[in-house]
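Kindly generate the complete structure, drawing on both the sequences and the hints.
So the protein lines, in turn, are chains P and C. My numbering numbers the first residue of the first sequence as 234 and each following residue consecutively. My numbering numbers the first residue of the second sequence as 34 and each following residue consecutively.
Warning: the hint list may mix true and false statements.
[Stated by the list, open to error] Only pairs whose alpha carbons sit at most 20 Å apart, straight line, appear in this in silico DMTMM-like list of lysine to aspartate or glutamate: (1) K421/P - D463/P; (2) K390/P - E251/P; (3) K420/P - D337/C; (4) K299/P - D335/C; (5) K420/P - D391/P; (6) K299/P - E371/C; (7) K299/P - E370/C; (8) K226/C - E251/P; (9) K299/P - E225/C; (10) K402/P - D337/C; (11) K402/P - D335/C; (12) K241/P - E272/P.
Since the hints were made in silico from the structure, they are not lab data.
What follows is the residue order along each chain.
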Amino acid sequence: MSGRPDSKIKALIVDDEELARLLIRELIKTHQDVEVVAECANGFEAVKAVAEHKPDLIFLDVQMPKLTGFDVLELIGSEIPVIFVTAYDQYAMRAFDVHAVDYLLKPVGRERFDAALERAKSRLGDKSRKAHPSFSATELASAARAPKQFLERIVIKDGTRVTLIPTAKLDYAEAQDDYVALASEGKKHLKQQTIAGLEACLDPQQFVRVHRSYLVNFERVVRIEPYGKDSRLAILRDGTRLAVSKTGYARLKALLEQRD
Amino acid sequence: MHPLLTPISRFGYYLLAWVPLAGILMYLFAVPGKLGWTDAAALTIPLCVLYSFICLSAWYSCKSNPLQRSTSQKTWLTHILAAAVVSLLWVGAARLLASSLASFQSFRGIDQRFALQIPILFGAGFLFYLLSVASHYVILTMEESSKAEARALETSILARDAELKALKAQVNPHFLFNSLNSISALTSLNPEKAREMCILLADFLRLTLGLGEKAVVPLSEELALLHSYLAIEQVRFGARLQLEEEIQEDSKTVEMPPLLLQPLLENAITHGIANLPEGGRVRLSSQGLDGRVSLTVENSFDPDATPTRKGGLGLRNVRQRLEARYGKEAGMRVSAEEGTFRVELTFPSHVAEVRN
Chain P
234 MSGRPDSKIK ALIVDDEELA RLLIRELIKT HQDVEVVAEC ANGFEAVKAV AEHKPDLIFL
294 DVQMPKLTGF DVLELIGSEI PVIFVTAYDQ YAMRAFDVHA VDYLLKPVGR ERFDAALERA
354 KSRLGDKSRK AHPSFSATEL ASAARAPKQF LERIVIKDGT RVTLIPTAKL DYAEAQDDYV
414 ALASEGKKHL KQQTIAGLEA CLDPQQFVRV HRSYLVNFER VVRIEPYGKD SRLAILRDGT
474 RLAVSKTGYA RLKALLEQRD
Chain C
34 MHPLLTPISR FGYYLLAWVP LAGILMYLFA VPGKLGWTDA AALTIPLCVL YSFICLSAWY
94 SCKSNPLQRS TSQKTWLTHI LAAAVVSLLW VGAARLLASS LASFQSFRGI DQRFALQIPI
154 LFGAGFLFYL LSVASHYVIL TMEESSKAEA RALETSILAR DAELKALKAQ VNPHFLFNSL
214 NSISALTSLN PEKAREMCIL LADFLRLTLG LGEKAVVPLS EELALLHSYL AIEQVRFGAR
274 LQLEEEIQED SKTVEMPPLL LQPLLENAIT HGIANLPEGG RVRLSSQGLD GRVSLTVENS
334 FDPDATPTRK GGLGLRNVRQ RLEARYGKEA GMRVSAEEGT FRVELTFPSH VAEVRN
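In structure tokens form, the structure reads like this:
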């Protein structure tokens, strides 16, 4: 603890089971330099608590209702060190190992807990190092999904408000610099992600990159119209018109043939 | 055993197949051979009866030279040679028959008339034998494929049995590790409660192992298992899990395949309650009517959450096991509306005999 001798490390505990939270709290007790600033029973609370308390360290359960631990990490960014806690999830464990993320297995034992906490402390002390050097939150989340499993819903944060969009309700996505605009049920939501990153998480049988800037839900396309030389327009169910490039058109056609 | 001799009806068909052959031979003797029709009949009928038995011997040479493995020249040569030998024997028998018939008044001179027809008889015998070889190969192939089919069926049944057994005895690792974590938390907070939960977990594991071994159990035993399971989940989820139970006293003796309700309740909790931040309700009820019993598991669920493959797998397994025991007598209804997921199993409350 070289960097911050006078103040304590602020820790946040996130787990949907009360007993699991109490256990972490108890294991922290022996570490005088760490104080628990808040406990959260779900991901929504966690996103709020992070904004409110600005914790230095988060103990984050993986399996929680609606928002998983991975969703929470994606929403809060990878600035704050996170120690994941999981009971049993072979894909998550492999993802943690691959990305050298600290994690604890339930039932959580004293020895592993102390070791993980010490590593987190040393990282905090050394400000030159990033909290999680080797990965982005979305990368970790997709590595933790079972093979051939695609994203089923997209999480979006607006301030501390979290919105979930089931991928079936996503009409199309449009690239806007470092963001994507997600169109769903007549509304548009901004998310800090590249369109290519989003495309990689979605089922290619359902979402087609019709243009450098557009990723469209195949189910929403009503027809394709020619538009000038070499380019076309995709008309969606709600009347939206999206530019379709030459390669995009080829992809649409290939998918259509596959489905027949 | 020769496949054409048993069952007896098959042998009958075999002999019937010889009738047209005998007809052909008789025609050959009578028309181009210029034997009288009576002569032809007197020769043909006993000869064909004899030859029909002789041709059965093709079975043994077919069996020792199965088609699929070695359809070599040697095989064909064997059959052709056998055909020649067998028809020569037949010709010999025919000469014997003709000369003994010649001693009768009405068949006088038949032996000389017949002697001119020997090439026809030899040719027919040769072809008939080869025909028999072909038929035997057809029978062999059919037997082989039906055996293979039976084997495949048996293998798939064994595989499903093994799968069911594994599923029956399966304890969800997620449940187990989370429960152990709860116990670990309780040891310092509330040692008495920790001990109680150890006992519940032990009961649950013991019952799971024990029930998985049996073909049927009374509902009361399945309920005992469910109670230990739900008591553990109650500790984990606390106020988030509201349990309701309405089991009629007389349905408790109903016999049913074990661990049929447990996966349904596990689904209700892991895919229902666990996905709801505020928790919800799980309700278990039974109803008996007209010799049938219906068991219902209902739970709150998040309609926005996409159904997982695992939950579907559990339901399919329950359906399969229900059908395996009761056939069309059993029913399973699954519905999801207004935030309530509901599975209803219906089956006869008394089954006279356990079917395999």
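Tested hints:
| no. | hint | in the structure |
| --- | --- | --- |
| 1 | K421/P - D463/P | violated, 29 Å |
| 2 | K390/P - E251/P | violated, 26 Å |
| 3 | K420/P - D337/C | holds, 18 Å |
| 4 | K299/P - D335/C | holds, 9 Å |
| 5 | K420/P - D391/P | holds, 14 Å |
| 6 | K299/P - E371/C | holds, 18 Å |
| 7 | K299/P - E370/C | holds, 19 Å |
| 8 | K226/C - E251/P | holds, 15 Å |
| 9 | K299/P - E225/C | violated, 33 Å |
| 10 | K402/P - D337/C | holds, 11 Å |
| 11 | K402/P - D335/C | holds, 16 Å |
| 12 | K241/P - E272/P | holds, 17 Å |
Comparing the model with each numbered hint stated earlier shows that hints 1, 2 and 9 do not hold.
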